[in-house]
Structures are given as structure tokens and as C-alpha cells.
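Chains as they are written, first to last, in the working numbering: chain P, -1 to 542; chain A, 714 to 811; chain R, 322 to 554; chain B, 156 to 831.
Warning: the hint list may mix true and false statements.
[Claimed, not checked] 25 Å max Cα-Cα, derived DMTMM-like pairs, lysine to aspartate or glutamate:
| hint | chain 1 | residue 1 | chain 2 | residue 2 |
| --- | --- | --- | --- | --- |
| 1 | P | K184 | P | D334 |
| 2 | P | K184 | B | E777 |
| 3 | P | K478 | P | D334 |
| 4 | P | K184 | P | E127 |
| 5 | P | K184 | B | D792 |
| 6 | P | K184 | P | D270 |
| 7 | P | K184 | B | E775 |
| 8 | P | K184 | P | E83 |
| 9 | P | K184 | P | E160 |
| 10 | P | K184 | B | D780 |
| 11 | P | K478 | P | D394 |
| 12 | P | K478 | B | D325 |
| 13 | P | K478 | B | D792 |
| 14 | P | K184 | P | D394 |
| 15 | P | K478 | P | E387 |
Honestly, the hints are just simulated from the structure, not real lab data.
Just so it is clear, the structure is predicted and the values come from calculations on it, not from any experiment.
Chain by chain, the residues:
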Amino acid sequence: MGSFPWLTVILLLPAAGAVVLQLIPGRRTDAIKGWTVAVVVAEAVLVGMVVFNVATTPAQGGCPGGPYARCAAIGLLPLPMHLQEQAPWITAIGASYHLGVDGVSAWILALNAGVFLVAALVVPRLTTERLKLFCGLMLLTETATTGVLVSLDLLLFYLFWEGMLIPLYFLLAFYGNENRGRATLKFVIYTVAGSLLMLLAIIYLHFQALNQGVNTFDLETLLQTPLAQQSAVPLPFSSVPTLTPQMWAFLAFAVAFAIKLPMVPFHTWLPDLYESAPAPVLVFFAGVVSKLGAYGFIRFGITLFSHPAHQLQPLLVALAVLGILYGAVMVLSQTDIKRMVAYASVSHMSFIALGIFSLDQNGINGALIQIVNHGIIIVGLFLIADWVEARTGTRDIREMAGMERRTPWLYAMFLVITLAALGLPGTLGFVGELTTMLGAFQYFWLLAVLAGVGVVLASWYMLRLHQGLMHEAPTPRTEKVRDLRLREGLVLAPLAALLIFLGVYPHPIGAVTSQSVPAVVRLADAGQVTAHDVPLSHTSGAQR
Amino acid sequence: MFPYILLTAGFLFAVGVLGVLIRRNPLVVFMSIELMLNAVNLVLVGYSSYLNSEEGQIFAFMVIVVAAAEVVVGLGLLTRVFRIGRELDVDDLDEMQQ
Amino acid sequence: MNGLLMALLILVAVSALGVVFAPQTIYSALSLVVTVGLLAVIFLVLNAQFLFAVQLIVYAGAVMVLFVFIIALLDPASEERARLTDPRLVLGVLAIAGICAAVFIAARNGVTYDTSCTHQAVSCMHGYRVGSGGGAADPYHTFGFPAAQVNAAGNVQTVANQLFHTYVLPFEITSLLLLVAAIGAVYLTRRTSTATGRGGAARPARPAPDDLPRESAEAPRETGERPLVTGGR
Amino acid sequence: MNPTVIAGLSATILLLPILGSALCGFLGVPLGRRFVNWVGTVSIGLAFAAVLVLLALLLHAPQGHQSSTVVLWNWLSLGAGSNLGVSVNVTVDALSVWMLLVITGVGFLIHVYSVGYMEHDPGVARFFSYMNFFIFAMALLVLAANMVILIIGWAGVALASYLLIGFWHDRRSAAVAARKAMITQVIGDVALVLAAFLIFVNLGTAPYCPPGAHCPAAAGGAQHLHTLNLPQIFAHASSLGPNSPTLTIICILIAIGAFAKSAQFPLHTWLPDAMEGPTPVSALIHAATMVTAGVYLIARFHPLFDLAPVAAGMVASVGMGTSIMAGFIALSQTDIKRVIAYSTMSQIGLMIFAVGIGAYAAGLYHLMIHAFFKALLFLAAGNVIHTMHDEQDIRQMGGLQARMRITAWSFLVGSLALGGFLFGGMFSKEDLLGFGTVNGPAAPALYIVGVAVNVLTGLYAFRLYGVTFTGEPRSDLARHAHEARRVMLIPVVILAALAAVAGWVLQWPVTIAGFRPAFVDAFLNPVFHTAVSGPIAHEPGAGLAGIGFVIGTGLSVIGIAVALRIWVRRDLDAPAWFRGPILGWLPRLSFHKLYIDELYDALLVRPGYALARVLRRTVEPEVMDGWVRGVTGVATDFSAGIRSVQTGLIRDYASIMVFFAVAFTVALIIAAGLVH
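All chains, full assembly: derive it from the sequences and hints.
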């Protein structure tokens, strides 16, 4: 790929598209949508090239099997990156414009480009008020999410992480159903609270490094800078592990990411928001924005804070498993199809969390696969829920039945997505759940068993959803529904086809992720090896 | 001598602040803001002289331009407010409360 | 020279007080004229001849004329004097004291540039050492004005040279800012059609009902009165 | 055997059905019924031909080369070391070919039959698409040489089963039954996946060496068996040692998977409900092939079960227990398909028992014979249901023998084969029961249960035959019944012929005058007699086998005879005994299927929904949102205090700002140590 700044291009292309969009007159809705689609298609093509490049070229850097101090001495960076760009940014405080792509971010980038493509395609041109504003905000969001995925500088990452909220806020606050105001407020408060904690932790890290004479926000540099172990402040309960400053910092990061992910008990903003947001926003919100929490855990959480991650591992995996089961049971109690999908999403996202916190190569690879998997599934499910709502005028599953007779294509596509969502072997869902559960199993067998209960519950609620809409005799609301339009079918069919294709041949994902995950796991394992340095390490998760 | 220049500038600035705080006439408030801007200019020029560097003067120049622009817009706003029949009192301009 | 400067500084301080405490607006304005004029002289003393000229022309000339003009135009009534117990007055005086004390202490104890300053101490920020032992490292122990040395090429030339080379972009941006301000002022002070009482004919005819979506798409750019933020659906 | 040829043939066997499925699914509706009928059946016929070629290759392969594993493509590879690395491998050996013969052979006949059965159904394209997909998934399941790929096939058949049970979408009962079947299958899948995890973590010491490649000697240090390839799993099974608890747990998990698929207690309740699907589906999936996959699975994993006698004993016991339980329930059911379904459950119980005690070949022998006669029974029942206009209650039937002679005779052949007299079952069932005399945990006890099942089998088989086909018609529908079309009769007749002849030809359980055909043993036993697998079941001696055969067949005949007297000649009013107060609970228990469905409903389903309700009404708003509200409450109180400051006057805001700015500056100066 030469020295051309591809990452900067994919980062700025959507924003540039949003700027150009302002030149189109507001009443030319066809031109507005056409331009938006053109921009996201171009972005998708470029991202495709980048991912292909990641898959086919060896990484630069990375520290194969050795202590990092030694690698640093010979100039090797801890993370094996495939494409990197670096330029000074705010030199006074050591922040730099450092972008990079590796196997961890490559497929999420592809997912990002894909869901924004879908979102642009499904924006209803005629019924969206102020279409130009909508499309512009959407493109800005894409730049922000891309920025989150390619930033290797903590400050830059934080900038995009928070910047993402601005267009999202307007999208959620202006568009959507009548409940949007409350839901948006809840989401924004949750997210900002988490992010501020993260900012504090980032500043803490910066000063930690500064104390050792390194003025930086750069992830790779911070990873090479061994953070001083500070004495813990004891808590009044002797059974509670004491919290070192690093653990506080990790918790701050973890809360920010856990809110975005979301993990139980930080999830209550999600059903409200998913219920009220419009479909195109949901497509990329559920499809990729929530995945960024998981990405953050992998990229920053467990690498920068390997000690605390290992010490809190039992808590984290317990929360993940709780999320799987809790989300699944909550689905069973819902009657609103969007809320059902929302809680199903909580359950599925917890699988991702489980994979990450197994701190194991299989688990983290699995989490990355599950990210792609769930991104595709949730996009499909929300589109279907939205289209069903538009056709029947209701979201209450009790008022719907028997749509199959009139909607065979919807039935078929919905079926494939349902099956992937319940993790049927042969779909991508199985690959993700198999590998995350394997990671969890290697940490502690009971986790995999409980996750397995979650899988069984998933088959229960997903079939309840699918059959509730499709089977039995039609109700008054559903007896005149029409099948998918060609346009809608052409959006859904690739999703369904991908779920099957990648289920039968998941190698392309695994081959890319497994190039980079070993480096992440080595970084995370650094915490385990010296866990005894930290007082009260009885919670350390070395049970293998 | 330099410390006294800084001291005077600080004083000018503080007096400007005081004006903003206690006066209700927007015109006087504007003038107080001008005072503050001038105080900053004094610091800039003082340092420029102290460090034998023209850059402070350049910045002071920019400040003067911005101040001029600000006065133009601000006074325009005031005439507007006056024209729609409001009394010239900053405490009446409290739409922010709603 | 120092005596002159000292005197100027004192005069400036006094006239500044006049701006704030003058009972009538026009006196405030005149005090301000005096203040900016004195400042211009201070600039001259500090070898900033160019700024001296600019200060006189822009401030004492243009800006203050504008102020006086507006005062004449609007004829504001004199307001009540602030009571001595007004918490804001107390706060303001305290602010004066605090700022002056802070500046004086900082200036007396020295804020010095120190190349040996690394990131070891809290008081050491990016090369500037703040705190004890200030005067010792001061490269200019005595405060003087080596005018001939500094401005061998001439102050105006030096400033212009910098302004049109190094700082040409900010310079152009400020010119743009002025332009925008001018346009804004014209926009703000123009006579609106409603104010002239020409009736509904001046307003654009209401669009036909079937035209509504287009109108809503166009509306924000047509009028300035629309609220900035409204609901979507 | 040439690997390329094997790979090509395996791929053909897999591709033909999936291709047929795709063609029917995507083009079936526009291209019409004829297209679907031809594509749907021919694809399976060709696959069957390919299986026959494989069989020929296998029979001509030299000794010791009768198993071949080939890699089709790399499925997933998560890097070196202890990371998952799975490739799509297929194994062709006697076991997989044996299963393929049943799947594609019986499958082909049932597909042909379906052409007639589904002739009036508008969803025929969907039907054949699903059926072909089932054949594909089943073929993948038996060909897979990797545990993950096996699980994919395993779930694929579950999916086909789900789709076909719920084939008639507008029936609520069908939807519920399909969901129940699927959830049960997912439980089995999860068990298998957990077993795979245990294997992954605990088994294996050598790095992966692909078949055919030159591998260096294993480097030291334990490594996970990250490929999950079956041959390697088996090769390393003994590394855990005999009777290891880990291996026992692995085997129990595999057995749970098998139980879910094969409808064994306690995961059996879905099978009778699964009869909601079209009858050919019941014949193919819920009788002949899919439900026997559990038997195949345990046979495939025989090296593990050989080393885990506790688990194997559990399997045998559960199989026999299910067998007698299902036989008991079958006695009182009134739905013609449910009776056959319970008999299927019972017969599979016997097969599970056989593989549990190590009599793999005997179990698989019964599997094939059972596929013949059970498919026959279902198809014949399908003819009856077809002519009765979807009426399935045998109390509405009767006297059909005169109206549909060929169907009735075929059904009789099937009943005899099931009952274990003259045909099919007499050979295969007695063969496996013979092993029961000398093998297994508590061999005599289980054997006695087994022969008791024989009596029950004869009873319910001929109860069904008698009530349905003999006597007087009990409804107008039955009076107007007529024989089925030829396309539906030919497969029935072929299956009847197979059920009648196969046992005589393939293998006898006893030696008569020194003569005993034993082709099944000869064909299959090399798979189970390998160097890595442990001891296999003891053959009963010739005398013992003879005595067992006489006892077993005798009891079958007694069961049949009693049934004939009660329900055909009607000169023995046996049910009267069970109307009294003493034994009255027995038929009720049987009729209500031992109340197991009700038990599950009360223990699992209702608590599940109740928990969900509690979570939604209480936990979510009070706990999950509650803690957040607690935090925000503090903030709200704080802001309420702050609000008084917000006067809306700019000067007040400015005052506050100034205050803090100055305070901050002063504080900074003091902190910087500038004040001495």
C-alpha cells in the first residue's frame, strides 16, 4: 500500500462527504441520498482494501515472545500493526496523531463500513425530515467510529469516542418515536459519565508515564512503560480486595466500555433507546457503536491494565455470564419485538464480554468473531422489526401471527438471522459462541456451562420471536401485510448470505484476527505472571 | 519596572471585571470589556519589550482587531435591543432563564 | 524614562477606575478615551511605535467615536449607583485585590525560563520554572529599553515583516473576521419589514398545504427567527 | 483407497442434496411442481448411487486400508499452539458408508413417496428443499471426521427437523412442537459442544499432524488437542487412562447429545409431538435416520466409551429404560403416528442399549433393519392418513384391510418385523438382545427388561394393526377409504420387501447346523476392532445365543398372539382388567405419557416465564435501574441546591466565574510555592 495515508483517507472520507453534502439543496432528496450512499460505498471499498491488506501482509512490529523491555530496546513496538500513520499533534503534552490497523480492528472496521452502508441504504428518503441533516450526521458518526477504531493515541481515541456522541445525540434526539427524549437523555448521561471516568484514567496514565520521563498519550509507548505499582488503599472490609490506583484506572476504563457494550448492570439505557430510535440509526448504533466498547476492552482495557484485569477477572466473567442469562430471561418476558431484540442484544453482547475476559486467545478471537456476527445479526433483526412495525402498525408480538403465508421471503431471511442468533452450527453465530465459550471453558468450566444455558434460552426466545410473527393463523393486523420489497430484500439477502457463508467458512475472520490476538494476550498475560507483586492477589484468575 | 507593568495590567483587568459585575448599563459593560482587552494588550506589549521580541506586538494587534469587531457587533446588538423597545439593562436580558 | 512610565501607569489606573465608577455613561466613555490614549503612550514608551499608532487610530479614533455616537443615539438613562453592600461589588474589589496580589507576587518572585528544568517537579511545567530563586536566573536583571538595539530596522518594518510573513494567515483570518462583523452589524441594525408596519404583504405568501415538506426543508435558511433546535417528527 | 476419489465422492454426496435443496428452495415456486419433484428425488437418487460406488470401493479395499480421512477445506484456524484449528474433514469407513446407505437409500424411497403424498400441498417446493437439506446435513453428520463439523451436521439435521415439524405454519400445535424439538436439540448441541471443550482441554499430547503429511516426532510438553479431529481424539483417548472421571464426563455429555437426538429419557418428549410434520418426514427423520443419529454418535465415539464403562453402562441403562417406558406408553395412544413414534423411541432405546454394552455392530444392524420396517410402517400409515383426509385417530379407522390391500399387507409385514417374528426384527433385535445376556452393567436384569420389551412390542404393534385394519369401519372416512396411488405404493412395497428379506440375508443371531450368515459383523467390526479401541463386547456363545433367541422370539410371539386375540379376534377382553380400581391407574399413566410433559411444564417452562416476569416487573426497574437512579438522585439533590444560584442574570454568572477564577489563580500561586 506504499506510504499513502490510507487510514487518514478512510478516517476523513465520510466527514468530507458530509461537508460536500451541505452543497446539495435540501429539496433534492434523491441527490442527497445518492451522494450519501456513494460516500459510504467508497468508504466500504477503501476499508475493504485496507482489510485485504491486513489479511495479506505481515505485520510490522509486535514483540514475538519476549519481555517488552527487550523489544523496546531494539525498537519493536508491542502491537503488531499492519498499517500505521504517525504525526505530531499536540507535542506539548505528547499527544500524537497515531493511527494503525491490525487484526483486532480490521474486521470491526469492515463491519463499521458495512453497517453504515446498510444504514445509508435504508434511510427512507421521502419520510425522513431534514434528510440532509440526517445524512450529514450519519457520515460524521462514521468518521468518529472509524476514528475510534484506528486511533492508537489515547487522547485521539478519547476525542473520537466522545465526538461520536455529538452527531449521535442529534440523531437520537431529533429522530425516532415519541419516547426518544427520555431515552436519549438516559443514554447520554450514562455514556458521558462513563467517558469522563475514562478521561480521568487517561490523564492518570499520562502522568504515570510523565513521572518516568515519558511525555506521551501513545498506546504503544504506554504499553512499553511499566507502570509503577502503587500501594493500595485498604478498604474497610478485609475480604474485599484492595484497590490500587491502577485498578481504579482500569475500573474507570471498564465502566466506560461496559456502558457502551453494555454489560449488566449498565444496560438499562439500551432497551429504551433501541425502542425509540429510528431504524437507520439503530442499524449503525446497534451494529457497530455498541461494539466499540468491546473493542476498547481488547485494545486498551486488558492490555494497559493487565494486572487489574487479571485480578478482576472473576468479577468480570461473572458479570458477563449474568448478562447472558439475564438478557435471555428478560427477552422471554417482553412482548414488544424491538425490546425483545434489544434484550437479546444484551445477552449476545455479553458473550463478547465473556470471550474477552477469558483473557485467552480462543476467547478473544471468539469475541472478535462474535462482534462481526452480532453486528450482522442485530442489523438484520432491527431492520426486520422496523419493517414489520411499518407493515402492521404494531410492535406487540401478541397482535401478530401467521405472516409467513404472505411474506415467504421475509420468512426465509428472518429465519436465517434467527438461526444465527440462536447460534445454530453452520451459521456464523455458532462460530462466535463456540470460540467464546471455549475461551471461557478454559478459564473455568462452569462459565461455559452457564453460557450454554444461555444458548438454550436463546433458542427458546428467538424461536418464540420468529414463530410468533410467522406461524399460526394470521391476525387482522397481519393478514394483508406485503412481502419484502426488492430493495429491502437486496439489503437483507447479503446479510443472511454472509451469516451462512462465514458460518461454513469462517477462516477469513479467524485468519485475520489470530494474527494480532496473540500479542494482545501476551500483554494481558504479563499481568498474570507478576500478579503476586500486588497485595491481596488471592482473586487472581490463574485457575487453568 | 516590568513587574509594575504587569501589576498595572492586572489592575486594569480587575477593574474591567468589576465593571462587568456591578454596572447594569450594557454600554458601560462593553467599555469594561474593552478595559480588560486593553489590559491584556499591555501585558503583551510589556513582555514584547521585556523579551525583545515583536511577537507580543503582533498578538496585541490581533487583539485590537478582534476588539474592534466585537464592539461593532455588540453595539449593533444594543441598537437592535433598544429598537424593539427594551430598556438598556443587562438584568432585563434574562431569556437564558427560561 | 522609568519615572515617566510609572506616572503613566498610575494615570492609566486612575482613569480606568473612572470608566467603571463614572455616574453617567458619557463620562465613562470619556474616561475610556483617556485610558486608551494613555495606553498608547505607554506603548510608545515600550518601543511599540506601530501599536501606538494603531491604538490611537482604532481605539481612540474609531471605537470610541462609535461608543460616543451610540450613547448620543440611545441616550441611556443613568442607573442607580451600586450599593456598597452589593455582593458583586465586594467580590469585584476582592478580585482586584486578588489579581493584583497574584500578579505582583508572581512577578516579584519570578517566573523564569530554565533549560535544565525537566519533568521532575510539580512546579516545573514545560521548561518554565515557577517558584523560588526566581530573580537569580533572570537574564535581564535590570529593566531597560535598548531601543536602538531592538529596532535597528525600525519597529514598523519589523512588525510588518512578521505580520506578512510568519503571521499572514492569522492576519487574513482577522480581516475575514472584521468583514463578518461588519456584515453582521449591518444585518442587525437593518430595518425589518415588520417594524415598518407595511403589513402582511411584505411577508412571503404562505405556501400551499401540499407544498409543506419542501417548506420545512427550506425553512431554516430563510428566516433567522426559527428556533435553532426543534423536534424531528 | 485413493484420497482424491474419496474426497470427490464425499463431496458429491454432500453437494447433490444441498444443490437440490437450493434449487427447490429458490426456483421451486417459479418453475413448478414437476421441476421440484424431479430435482428433489433425483438428487437423492444420484447421491445413493455415489454411496453405492463408495461401498464398492470399500469392499474392494485391501485389509487395513478400509478407512480414509480426507481434508476438504480449512474451517477455522486461530493460530498456532493451543488455539482452535478446525478443518472440514470427512471419514469414509464402513460405519459412515453403512449410515449413508440407510440415509440415501431409505431417503430416496421416501422422497419418491413424498411426490405422491405432497401432490396437493402448495408448499411442495419448500418441502423438498427442506428434505434435501436434511439428507445433506445427515450425510455431513456421518461423514464428518472432526467434532466441530460433526456438530454442524448434528445441528443441521435438527434444523431440518424443526422446519419440517413446523412445516404447516398455520397450526399452532406444529409451531409449539417444532420449537420444543429445536430447544431439546439445542440442549443436545450444547452438551456436545461442552464435550468437545473437555476433549480440547484434556486430551491429546502431540501436535497436530495432518493425515498423509510427514510429521516429526512429537516434541515434549502437553498440548491441547486443538484440531478436534476424531482420529486424533481416539488416538489420544487412552492418554487419560481407563475409568478416568474426565473421560466419563465427556462420554456422559456425548450421551446427552445422543439422547436429545434419539429421543431418550429424559429428553424424549419432543418426538411424539414431532408427528405434527407431514408423514414422510416422520418416516425419514423421526424414524429411519435422524433419531438413530444418537446410536451412530455413540458408535462413532466407541473408543471413548470403551474406556469409560461407567458412562457406557449409564447409556445402556437409559436406553433400556426408555425402551420399556416408550413401549408402555405406546400401548394406549390413539394417534396412529404417535403409536409408531413411541415404538420408534422404544426400538432406539434398544439400539442405545446395544451400543452402550459395546455391541456396536448389532446396534447398527438393528438400526438399518429398523429403518426399513419403521419407514415402511410410517409410509403405510401415511397412505392411511392420506386416504382418511388427515384423520389420525385410530378410533375413527378400522376395517381398512379390505379397502387398501397392498398397504395393509405391507403394514402387516412391518408389524411382524417390528414385533420380531419371521421378519426383520427377529434377526436384528434378537442379535442385540443376545449380547445383553453376557455384557453390560447388571446384564441379566437389563436382559430381562429387554425381553419384557419384546412382549410390549408385540402387543402395541398388533394393537395398532388390529384396530386400524381389521374389524368394521368406525367412521365414514374409513368406509370410503381407498388404496393409495402407485407412486406411494412402490416405495412401501420395496420397503416391505427389504424388511422381509434383509434379516434373512444379512445376519442371523443363531447358528443353525453350523451355518450363520454374518455379513454385518464382517463389514462393520473392523471399525470397532482397531488397535486403539479397547475390548469390545463378548460374543455370546452359540448355545447361549440359541437359548436367548428362543426365549426372545417366544416372548415376541406371546405378545403378538395376545394382541391378536384382544384386538383382531376380539375374544379376549384384556383391557377390562385395567378398568378396575386396582390397575386402573396403569392405562391412565400410559395414556398421559407418565405425565412427563406436565412435569416439565411445571418444573421448567412455568418457572422460566415466572422468573422472566419477576425480572421484568421487579428486578429491571428496581435493581438495575434503581442503582442508577440512586446515583443520579444524589446528583439531582446537589443540582437542586445549585439551582438557586441560577438566577438567569448574566452578571451573577459572571460573578461566580470570576470568584472561582480568582480563587483558582490564588490557589495556584500558593500551591506553586510563590508565597514565601
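A quick look at each hint next to the structure:
no., hint, verdict
1, P:K184 to P:D334, "holds (20 Å)"
2, P:K184 to B:E777, "holds (16 Å)"
3, P:K478 to P:D334, "holds (21 Å)"
4, P:K184 to P:E127, "holds (24 Å)"
5, P:K184 to B:D792, "holds (18 Å)"
6, P:K184 to P:D270, "holds (9 Å)"
7, P:K184 to B:E775, "holds (15 Å)"
8, P:K184 to P:E83, "violated (37 Å)"
9, P:K184 to P:E160, "holds (16 Å)"
10, P:K184 to B:D780, "holds (11 Å)"
11, P:K478 to P:D394, "holds (17 Å)"
12, P:K478 to B:D325, "holds (15 Å)"
13, P:K478 to B:D792, "violated (53 Å)"
14, P:K184 to P:D394, "holds (24 Å)"
15, P:K478 to P:E387, "holds (13 Å)"
Going down the numbered hints, you'll see the structure goes against 8, 13, while the others check out.
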